[in-house]
Amino acid sequence: MSIGARNAREAHPNELVDPYQGQMMDGADSLDDLMARCALRDQRAFAELYRRSSGRLLAVAIRIVRRRDWAEDVLQESFVNIWNHVTDYSRAKSAPMTWMTAIVRNRALDWARRPKHETSEEDLEGIIENWEDSSPGPAARLLQAGEARQLAECLGELSGQQRQSIALAYMHGLSHSELADHLGAPLGTIKTWIRRGLEKLRGCLEAKGA
Amino acid sequence: MKITEPNARALLAAEYVLGTMKGKARARFELWLRSDPGLRKEVAAWQGRLEPLAGTLPEVQPSEHVWRQIEARIQRRAVPRENWFTSLAFWRGSSFASAAAAALLFGYIAITPKDHALTPENAMVAVMADDKANPAITVSWEMHQSTAPRLRVRVIGHQEMAPDTSWELWMLPGGDQPPRSLGLITTHDTQYVTVSSDMMAKLPAAVGLAMSVEPKHGSPTGLPTGPVLYSGKCVEI
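If you read the protein sequences in the order shown, they are chains X and Y. Take the first sequence: its position 203, counting from 1, is numbered 260 in my numbering, and each next residue is one higher. Take the second sequence: its position 116, counting from 1, is numbered 120 in my numbering, and each next residue is one higher.
Chain Y extracted, bound-state conformation (with noise of 0.2 angstroms):
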């Protein structure tokens, strides 16, 4: 059943969230609501007209051992079934730049005069592109280094970084784990980001780099809290 008729749906989804709809016809119309983004916000707008009758109520504190049981299942199963690459909302705005870039940009690291040899199967590219696939940052290391291990950075074109603000290098490790900060990194064409060893060994294994806007010193919280400008695959070259 289809319901068209606008009182009809605002009282039934008012009924909805004062609760006097209930059993089979509450069922029914919870699966509606997945289908139809009108009746949803319906019901939006019905929760936020009588949500300050429960703003009326006294407070009251909950027992120790409810956040303690709440904590204990959320670390747990502290990460969501997708894995954060492909489940987060801010990654959303980012699309990868195709293996063809990757191609390309081998192509252009091989010709490189002065470079470190960076030769096929020992390397890895990440070719970092903005919400348009435009190749913006690309990222280049090799596999295997054994001391002080670097990352080699190329920012394309002449771009600029807003006052105050940092540009934070993550890598995405894939699966369940957070993005992990590879450090701050400039606006200046050629530039080599040092990382430990650990994460060096960590790379190889990443789903992609990222870059985002941070404030000034980078973030504050060792993960991602500003926009994400560019984002893309790590390849192997």
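Just chain X, with the same shape it has in the complex (with noise of 0.2 angstroms):
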């Protein structure tokens, strides 16, 4: 470090002090690091985290509750609730989009569960025939995801019943007395369905080493 660098902030402090004058993010930065950023209350890196998964994760709280002015309700409730929680994040533990999504899904679990936010009939039976073909259908969709390949794979082992189960809990938040009424099985076929499916499926992906 030159002398002529030190005096001159020496000569400024203020000018250095002020987190909200603070670089401007190129782009480049990863998900990691904005992370660590928000963690300092860096506001500009939150900006941008939201700036870069809002769109992944309103997606995924529209399939949960059903109704794009709620589910903007719920992903303004989550990032506040990542603003104030990033402090206990552990990258060790997960990666960002897979704890901000366990926010998201949580915060429209909760909400879709309330009584007048439940969803009409109608709207329900749209969501079952999008997933009601027995074929790999959403394995498909996340074998042209790449990163998901493993996942696609696994899926593709589990019997259509088991897979469509387990996409439509998980994508659209269905609990296991709306499967049974939507898939025409009995409560305790569904639950079996489930279990026998995520057990497979997580043998299949320790096989794997995923």
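Hint data in this document are derived by calculation from the structure and do not stem from the laboratory. These figures come from a predicted structure and were not determined experimentally. Beta carbons: idealized from backbone N, C-alpha and C, even for Gly. It cannot be assumed that every hint is accurate.
[What the hints assert, rightly or not] Some chain Y residues near chain X, calculated using beta-carbon distances under 8 angstroms:
hint: 1; residue: P10
hint: 2; residue: A12
hint: 3; residue: A14
hint: 4; residue: A58
hint: 5; residue: Q73
[Unchecked claim] Some chain X residues well away from chain Y (every beta-carbon gap over 10 angstroms; in silico):
hint: 6; residue: L88
hint: 7; residue: E214
hint: 8; residue: Q218
hint: 9; residue: P243
Mind assembling these two chains? They're in different frames, but the hints should get you there.
Written as structure tokens, this is what we have:
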């Protein structure tokens, strides 16, 4: 470090200290970096984190609460939560997107289960139809996503009913009884499909080293 | 109730993540989660396994008002309940030298020749220690300097700075305030850092000082970005 540089900084200490005068984000920061800066209360980093992840997270919330305005409320609550708890986030335990997705899904599931937010029957029928095929539909979409190849392959090893139940529950937040009503199977059968499906999925993913 | 059977634990974690566990069972499971790190790990594993499903959805851009509302809410309470000094994970690696060390240092300052007359009641010192409480840097100053206020920095021992890095000194104002830069320091045995009168006025109320390792010309963000090597409380002497 040159003496000149040091003197220049000492002469204007106040220039250095405003957190909002920080460097512009250049789009090259990883989500990990942004999370670390958010932990230091860097609101610019938080804005960038929102810019990069909100489209994906809103899509997750919409599938579960099934109304855009409700989903946007869920997104708002989730991001306030993310800001308040980002100091608890541990990179060692999960990737940033996984952590944020979990927060959004939890909020959305809570929201969808308040009685006044329940979805009409017609809405549900459309959703069930989308997932009705017993061919590996969701798995095929996953294959396109690259990062998710292992999950796609393992979903492909489940029976159509197991795969459909798990995908509907995860993506659309359907409960056991909603699944039973709409897949036309007894509650006990639905529970078995899900339990066996999850066990098989875990075994398969672990065997692949995921 | 305690769940110990591994398969049952894994399955409960999976159903929790999937969302098929609901109502009272979900609330009970969340209570277990708080006190069971192994179960939290299981949940995190399932979140990671299933998360790619969420990534298959086409993105939906939120309306502009969503961000404005978030921004308004986080600015209103931009600060967590705990203050900066105690809450930030990155301070956890540091510990503070005891007041006894400060007292020893006071003795040291008092007998140092040719220095400003640092006398009790008008001077402060921060003994900055590493994570094993070994003093590494001391910063001392007179509290009422009218012109060109400065801090005296002493680096203890012959320390080395990694190439292409710099050492930045920070004031921790306490409460809900973020750290403020006091400028860069060198590895020299004795040096002075000039600070603004405004900063000087804030120092007596500061809870501590810290030094972090930053890129060559200091933190690019105005906040510490690198590891905090040393930190210590400010003590009146």
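message: Next item in the hint list is Y:A58. Is there a CB on chain X closer than 8 angstroms to its CB?
response: 5 angstroms, holds
- prompt: Are all C-beta atoms of chain Y more than 10 angstroms from that of X:Q218?
  reply: 15 angstroms, holds
message: Next item in the hint list is Y:A14. Is there a CB on chain X closer than 8 angstroms to its CB?
response: Hint on Y:A14: holds, closest Cβ of chain X at ~6 angstroms, below 8 angstroms.
10 angstroms Cβ clearance of X:P243 from chain Y: X:P243 is indeed farther than 10 angstroms from all Cβ atoms of chain Y, at 15 angstroms.
Exclusion check [X:E214 not at the chain Y interface, CB over 10 angstroms]: 14 angstroms, holds
message: Tell me if the interface restraint on Y:P10 is satisfied: Cβ within less than 8 angstroms of some Cβ in chain X.
response: 11 angstroms, violated
field: Cβ separation check - X:L88 to all of chain Y, threshold 10 angstroms
entry: 13 angstroms, holds
message: Given a cut of 8 angstroms on the nearest C-beta pair, is the interface hint for Y:Q73 held or broken against chain X?
response: Nearest chain X Cβ about 5 angstroms off; hint holds.
message: Take the shortest C-beta to C-beta distance between Y:A12 and chain X; is it under 8 angstroms?
response: Hint on Y:A12: violated, closest Cβ of chain X at ~11 angstroms, above 8 angstroms.
In summary, the structure is inconsistent with hints 1, 2 from the numbered list given earlier, while agreeing with the others.
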